[in-house]
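Engineer: Chain by chain, the residues run as shown.
2 protein chains.
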Amino acid sequence: MKELDMGICSIDTLKASGYREGKYGVTILYHENSTAAAVYTSNQVYAAPISITRKHIADGNISAILINSGNANCYTKEEGIEKGLELAQLVADDLNIPLEDVAVCSTGVIGRQMPLDILKPVAIKSLEKLSNSRQNATDAAQAIMTTDTVKKECAVESTLKDGTKFKVAGICKGSGMIAPNMGTMLGFITTDVSFNKDTLQTALNKAVEKSFNMVVVDGDESTNDTVILMATNDVEAEYDENFQEALDYVCMSLAKQIAKDGEGAQKFMEVTCKGARSQNDAILVSKSIVSSSLVKTALKGADPNWGRIISAMGYSGVEFDPDNVSISISSKTDTAIIVDKGYVTTYDDEGILEKAENIMKQKDVFIKVNLHDGDYSATSYGCDLTCEYVHINADYTT
Amino acid sequence: MKELDMGICSIDTLKASGYREGKYGVTILYHENSTAAAVYTSNQVYAAPISITRKHIADGNISAILINSGNANCYTKEEGIEKGLELAQLVADDLNIPLEDVAVCSTGVIGRQMPLDILKPVAIKSLEKLSNSRQNATDAAQAIMTTDTVKKECAVESTLKDGTKFKVAGICKGSGMIAPNMGTMLGFITTDVSFNKDTLQTALNKAVEKSFNMVVVDGDESTNDTVILMATNDVEAEYDENFQEALDYVCMSLAKQIAKDGEGAQKFMEVTCKGARSQNDAILVSKSIVSSSLVKTALKGADPNWGRIISAMGYSGVEFDPDNVSISISSKTDTAIIVDKGYVTTYDDEGILEKAENIMKQKDVFIKVNLHDGDYSATSYGCDLTCEYVHINADYTT
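These protein sequence lines map, in sequence, to chains A and B. For the first sequence, my numbering gives the first residue as 366, with consecutive numbering after it. For the second sequence, my numbering gives the first residue as 366, with consecutive numbering after it.
Do not take every clue at face value.
Identical chains share a label here; the pair holds if one copy fits it or two copies do between them.
To be verified - List time: in silico DSS-like cross-link candidates among lysine-lysine, alpha-carbon distance up to 27 Å: (1) 706 with 448; (2) 621 with 575; (3) 575 with 485; (4) 706 with 494.
Simulated from the structure, these hints should not be mistaken for lab results. Small disclaimer: the values here were computed from a predicted structure and weren't measured.
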C-alpha cells in the first residue's frame, strides 16, 4: 500500500470541484454511473439531505455528490426537501444526468431554510470548475469545511491478492459535534474498483465502525452525518481483505485528522482498551475515557491525573475488576506504566509520575488500558478540551 | 413548610463541626444512635470510605459521620480501608462510641494514600469544636468543600398530616465531576423524626432520584459520591407525603446549588421534558439536553441556537416524532416559544429569535421541551461550559 498525493482526484476518472463564498461552500464529485453505499447518523432528528440521499442511493447507482456547507438543511420540513432537490436538479441539469443519480449532503446551522439565492450561484461556479487536478482535489476538500481549520484528505494505492491494482481516496469534514456515532461528519470515499453495492456497503460499514465511529470531540452527535463510498468501476475486481485494509486505512487516517482538528484542540489522544470480554465492552471503555471532560482537560493541562482515567472506566457501564487493570500513558517514544494489574507503581516510585507528566506534555498522547479479562480490543480518537472550544461554540450562530 | 436559617444545626440535638488546613478539611456530624440510610455512586470503581460506610450503616444505626476533603481515598486498596478506619477510630475513641457507628466519606484526588499525619490533627481540631451553633453549621458546610466556591445548605420545618412538627436539614459539596448519577457529590441530610431505616431508605431514594441524580456539570461520574440521611429520632412520627415533600425540597435545593456552583459556571439552566411516554424517556431527553457541550456553550454565549437542543433530543436514545415537538426558552419573566408542535415560529417571525437571545442573556435560563406523546415529565439542572471550567480542571492535581 502506498500513499498518493492527489487527494480525492487520485481516482483519474473522477471530476471534482469546490467553490466558496463566505461561509457557504459547494463541493461536487462527479463520475457517471458509479456504484455507491452510504452510512448515516443514528440521530433520530436527521436532515432533509439524508432523506434525499437515502432514496437516491437505494438502487446503488449515483453519478454525482453535491455537498454544501453553511446550512444543515435540518428541521426544515417539506420545504427543506424541496430546496435540497432544487439544488440537486441544478446539478443534474448541468451534468445531464437524472435527478435520482445525485446524492446531497449539507452541514451548517440547524433549523434555518437553505438560502438558495446564495447557494445556487455558488453551485454554478463550482460546476464550471469540475475537473481532475491537484487544485480541484484541494478545492473539493476545502469547500465542505465549516469550523475545520485544515482540509482533510487521504489516498492510497494497493493491490488485491490476485495482483490487481486499485485505489481508494477520500476527503472529509468534521471538527466539532463529533461524537460516538459520527457527529457533523461528512466523508466521501472514492475507489476505482467494480464491486456491487452490497459488497461496498459491507466494506464501508466495517471501515466506519473502527474509524469515524471511534472519534469523539465533544460528545454531541449531529443530525447530518453521512459517509458515502463511491466506486467508479474502472477496475474489474473481486473484493478481498486487501481492499478492506486500504479502505480502513483511508477512513482511519481521515478520522484521526478530524480528532486532531477538533474544535479548539491543541492535542491529540488515542485511547486503546485491550483485554475486554467483548468488542462492545472494549469500545465502551475506550470511548468513556476519550469522551471524559476531565480526561480531556487533564490532557490540556499535561496533568497525569490517572484517577480520572480509572474513574471514566468505572462509569463506562462495563463490568471489570478494578484490581486487575493496567494503565499506561505513552508518547511516540516513551511509556509510563502507572497501574500494573492493579498495582499502583507511583506509590513506590514518584519518578513515574514525573515521566508521565513529561509524556502528557507531548502533542500526541496514547492512553492504553488493559482489563486482563478477554481478547477484545478497541481504539478511539480524541483531543483536549480548551478555552478555544468554548469560544468557537459560544459564538457560532450569532 | 418554612425555611430555617441554622443550616445543618437546625436539628437542635445534632452537633456539628468543621475544620480546615489548606486543602484538607474534616467535618463531623454527631448524634448518638441515629437511624440512617444512604445512597452511593454507581461507578464500579468506588472508594474505600464507601466500603466502610456500607458496612457500618448496614444495621441502620450510626452515631457520627466523618467527612474529609483533600483526598478521595480511592484506588488505595487494603491500605486505604485501614487508613479510613484509623481516622474513624480516632473519632470513635474521642466520642466514646463504637467504631461501627462511624460513617466515613472522602472527596479529593484519586489514587493517593490518605496523609494521616495531616488529616489526624485536622480531625482532632474539628472534634474539639463539636457543638450546635450557626457558626458550626457554617464550618461543617465549608470544611467539605473542594473546588466549590460557596457553601451549600438548606433547612426546613414542616408538619406531618397529623400535625406533628419536624425538620429536615442538609449540607452538600459538589462542583465538578457532577454527572448523571451523582458525580463527586457528598450530601448529608439530617432530620429529627423517628422512622425506621427502611422508611428512611425509601424516602431518600425517591428524593435523590429527582434531585442529585438530575444534576449535570461535566458528565463525569465520581468514585466517591454518597448521600446519607440521618434521623435523630427526637420526634415520634409516622412517614407521610409531607415528609417526602420536605426531604425532596431540601435535596432539590442542594442539587440546584451544586448546578449553580458548577466548576467555572456563570449561568444556571433548568431543562424540563414533558409529554414523554415513560419516566425514563423524560429523564433521558432532559439529561441529554442539559449535558450537551453545545447547549452548554450556547448558554455561555447567550446564543439561542435551538438546533442544538433538537439535535441533543435526537441522540438521547428516546423515540419521538420530531414533527410533533415543542421547544421554548424562558427566563424568570419571559418566554420564547421557538418550536410549536413541530412548527418553527422563527421562520415567520425573526423577532422571536431576538427575544430568545435576550432570555439567553439572563443568569437563570429554563428550557422546556414537550414530546406530546405521554404524561411523564422530568427536570434536570445544569450550567454553562466556560473557560474557567477548563482552567480549573487542567490544573487540579499539579
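Engineer: Each of the hints needs a verdict: does it hold here or not?
Structural biologist: Hint-by-hint comparison with the structure:
| no. | hint | result |
| --- | --- | --- |
| 1 | 706 with 448 | between (58 Å within a copy, 22 Å between copies) |
| 2 | 621 with 575 | within (11 Å within a copy, 40 Å between copies) |
| 3 | 575 with 485 | neither (36 Å within a copy, 51 Å between copies) |
| 4 | 706 with 494 | neither (59 Å within a copy, 43 Å between copies) |
Of the numbered hints given earlier, the model fails hints 3, 4; all others are met.
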